[in-house]
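A.B. asks: As given, the protein sequences belong to chains A, B and C, one line each in that order. Just so we're aligned: the first sequence equals residues 8 to 407 in this note's numbering. Just so we're aligned: the second sequence equals residues 8 to 407 in this note's numbering. Just so we're aligned: the third sequence equals residues 8 to 407 in this note's numbering.
No wet-lab data here; the hints were simulated from the structure. Since this is a predicted model, take the numbers as computed values, not measurements. Fair warning: there could be bad hints in the mix.
Identical chains blur together in the list; that is why a pair holds if it fits in one copy or across any two.
[Claimed, not checked] In silico lysine to any residue, SDA-like type, Cα no more than 20 Å apart, as pairs:
1. Lys153 - Tyr14
2. Lys74 - Ala13
3. Lys154 - Ala13
4. Lys74 - Gln140
5. Lys154 - Gly11
6. Lys153 - Thr32
7. Lys154 - Met8
8. Lys153 - Gly271
9. Lys361 - Ser341
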Amino acid sequence: MDTGTAYGLRLGAPLNDLAQVGPGTPYGEVLRSYWQPVAKVEDATTRPLRLRVLGEDLILFRTRKGKAGLLHPRCVHRGASLYYGGVEDDGIRCCYHGWVFDTEGQCLEQPCEPDLGLHRDRVRQPWYPVQEQYGLIWAYLGDPAKKPLLPRYDTLEDLAPDEHLIVNDAGVGGGGPALLDFNWLQHWENVMDPFHVPILHARFSGFQFTPEMALLPEVTYEYTDRGVRSIQLRDLGDGRTLRRVTEVMFPNIRVVPSPKLSSGQTNMLGWVVPVDDVNFKIFTLARDTDPEFLDKLRSTHEGRPWRELDEADHQRMPGDYEAQKSQGDISLHSEDHLTTTDQGVAMVRRMMAKQIKLVAQGGTPPGVAFDEADRLVHIEGGNYFEGDALTEELAAAVDD
Amino acid sequence: MDTGTAYGLRLGAPLNDLAQVGPGTPYGEVLRSYWQPVAKVEDATTRPLRLRVLGEDLILFRTRKGKAGLLHPRCVHRGASLYYGGVEDDGIRCCYHGWVFDTEGQCLEQPCEPDLGLHRDRVRQPWYPVQEQYGLIWAYLGDPAKKPLLPRYDTLEDLAPDEHLIVNDAGVGGGGPALLDFNWLQHWENVMDPFHVPILHARFSGFQFTPEMALLPEVTYEYTDRGVRSIQLRDLGDGRTLRRVTEVMFPNIRVVPSPKLSSGQTNMLGWVVPVDDVNFKIFTLARDTDPEFLDKLRSTHEGRPWRELDEADHQRMPGDYEAQKSQGDISLHSEDHLTTTDQGVAMVRRMMAKQIKLVAQGGTPPGVAFDEADRLVHIEGGNYFEGDALTEELAAAVDD
Amino acid sequence: MDTGTAYGLRLGAPLNDLAQVGPGTPYGEVLRSYWQPVAKVEDATTRPLRLRVLGEDLILFRTRKGKAGLLHPRCVHRGASLYYGGVEDDGIRCCYHGWVFDTEGQCLEQPCEPDLGLHRDRVRQPWYPVQEQYGLIWAYLGDPAKKPLLPRYDTLEDLAPDEHLIVNDAGVGGGGPALLDFNWLQHWENVMDPFHVPILHARFSGFQFTPEMALLPEVTYEYTDRGVRSIQLRDLGDGRTLRRVTEVMFPNIRVVPSPKLSSGQTNMLGWVVPVDDVNFKIFTLARDTDPEFLDKLRSTHEGRPWRELDEADHQRMPGDYEAQKSQGDISLHSEDHLTTTDQGVAMVRRMMAKQIKLVAQGGTPPGVAFDEADRLVHIEGGNYFEGDALTEELAAAVDD
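The shape of chain A in the complex, shown without the other chains (with noise of 0.2 Å):
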């Protein structure tokens, strides 16, 4: 008799806990208790933008004095869009009858009211904090009473003269579209997957990277302060070893030093950001002598990038974007069958059930500062070369 047949087979659930991340959803909380980027810093403009994060839908604009603004849609009044408002010096005029409020949310002005609304400050247009920094823009969604400091990221410090400081929203490391249209989870605990590397994008798309990262390394993980890590060894095969670390920091950080490995601590840093529950942004920031790193680091297939592919080709050349979001809209992690090769989102799966248990109880998820002293965050993750290389000769005798 056959075994192990379909029949029968019961699909699975997602973990939902971890995945979803509405207002109110245990881990959209944690998210919430952190900043997070939400645009460009030139995408706030006297023309409203229409933004989701984190399943809530906003309205971003910058005052005609400069000031960047981040409102609920619906107008407390009768609802319009503040979408078609009109940017004033320092407000949003509803197109509707005319209400205006400021970034904060209060409203300047009920123009058909007699005196302006005598009691326009009874109303408030609900309203998030932002910050610019970086070149981007930051909002916190969370409880005000928490409201921690904007951290500041030492690898995006003390600028040399000849750096830049390069921004991104493009989804740089998502291997596709600029919006990922599927759980922002399946991007992020991939960051502590090292082995999909050999795999998903040495053997089946050609070297997407450098030769080495076609090596199956030795890996250790850890957790850290603030998320999870790993250290993965590569034996370059010419006497030297490339210690590569790379990092989750909590609650949606990722540390991917370049995967065409250069040097040293690692020059950028990504934000996994739910746009809602099946789709998310990457916010990536990064620095370096050339404008353009990031836009060269983006992975080809057989010379080509992503876009340019057609179905057949990305079936035969899958990267990471076919394989996570082949895995589902959310994914029926319940089905899953971890080895000993998925200790990294073991891990990360278990640290994040963690701090869903840790914020409902009120506490502070790690990394959130109120301290200055603080809020400078130090990222470990680089490429690391170690030991001297061979001659070429030795190298050679090595490899035969």
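Following the hints, put chains B and C in place on chain A, whose structure we already have.
C.D. replies: Frame of chain A, contents of chains B and C only:
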């Protein structure tokens, strides 16, 4: 600490009792107490036409002898749609097994059955009564025991020899497409909202109508026998006062005199007919010597009609369609903050709630006539100029 | 007072027990008691193909050694789809971490694990058994303990040297597209509905087949060992009688001899295979000296094939697709009014209900063979001309 942020925001709910239109819904039953326009007379032909009215799918056709019929689409035999039916002298023949139904749903023939169907009188194709008047087909979707007379309207009677009766179903007054894709109530209650005019139609879109309409009016509202009326006074600054009267008449009539301010009793009436909960059409009847009167009335944006604008134009110059559609597919009315200038809207909603109760108790809502003497409806709405205009010199002096 | 109007109409419900096909549904389990065609032999290649069958998503491929495999798409490891897998000699390799599965779902390799996976025998990729016969790939999606033999059909055996076995999955008999987008039962039960032919296929669409098929037949129905049969007598008016026999054979076979009336036992069989509840395909097998036989059989409308007609043409000349699709995505069977001419349809539904009960009780439904001696199925369906044709003169005399 920040106050009034969107953290923890509850999204609210629509006033579904007022907004929903399907069979058995509270206001759906009020709407079904009246005849409703469903198509133009010329839309009923020997080619069956799919209609959706008040959430019900129907087939409109005209027999070869000229009688209009409105039938449930699903053939009572085995369910093929009468959309594919063949229209004959006295009815429509289902394409699948050939049953023929007349305009009252009676089965005239079952061609594959012995003697064309010995028991064909035992089945009945569900149907609705229709009448033709003023160039429109009117249907009664209500309780047959309460079918009223089809009203007439004084403003559409006794046309002069050079006047045309103009029939339009392309969304006049909606500021957008012919099929408006949001809940009908957002449009209808807007008729009792004169204050949006100086903001939306002047400040935001330039002077869409006439300069006079940009003036903030003095408004009083009153209940009438048949609905709610607003009387808007605008001091024209030349010694004259414009008294503009708009009305909503139950259950869904808009009495909005030309915003281009032709003088006297309005020469047009509109019916805001729900297709379903999130779509509606506007049927407009007008009398004028110019057969293009209604087409010329449509608002423009910097001289261009709505359909020629792109997304950026719409955002910059929103009109009724953008404002009302952006309230949501069905607005979350519970989130509204009504103020003094929303008194008309509040009165409409209050009167709707009252009619729902009345109809649920078996009562007869306002304007439903069973007696020929009550059949003719008088319309009050119009633009009335009062006082004598100053001479141009005087007016210039006043302006200073 | 008007009677029979649509006011208060309740819309009814489908016979879901008969119509639904997913795992665990009543008739879904009947369908799973039999082998089902799922693709043409040439569709199984080293490029993985997505299939949906009976509401289940599957991946079809062929190993480099030539064996067809049908696997659940979600890799049992971490859920990437095997659609992106790489086909190898003995199986398919997941693109994400490289696990390899053979056509029975056994894990051959876990390349990142020590020793290629010390415990790889503990996981199993869900799979279904397949066989290749008559140019089709047949799969068994049922209980492994009850897997029957794959039947053969006498009408497809012992081909003459000049005969071709013709394989078609483009919806022959469906009158529309290759993927038919409504519930499969609407099509299947139509096989026991000979009365729609003179109406739909003659009166509405012109003579789609032959003039004889426009005659109203005398019909008797009978249950068979394997399903339901109709015997249709048509007096050809020339001394001959056409005895046309059609059958439905459980669970979803259509035995419809050529409507173009080639004589004798039918030379073709069709399988109405549900893709899911609202989509199905038809796999047709035929024998003929003309390899284009099935293509030429497809009905035309005023000489044009279905795919060349526009919406107005379809409305004017509806065929099986329009009639059946317009019954709804899943017809509201409870609203049907079956009459004497629907006896065949009623018998099909009754027998389906009986098989559901039988299968639920663990019984063996008709035509499921475990013994080689029962494997060959005899087909009765065909067009049989009986009596001698009159001479042309006599025929002319009869016609007067």
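A.B. asks: Hints broken by the structure, by number, lowest first?
C.D. replies: 8
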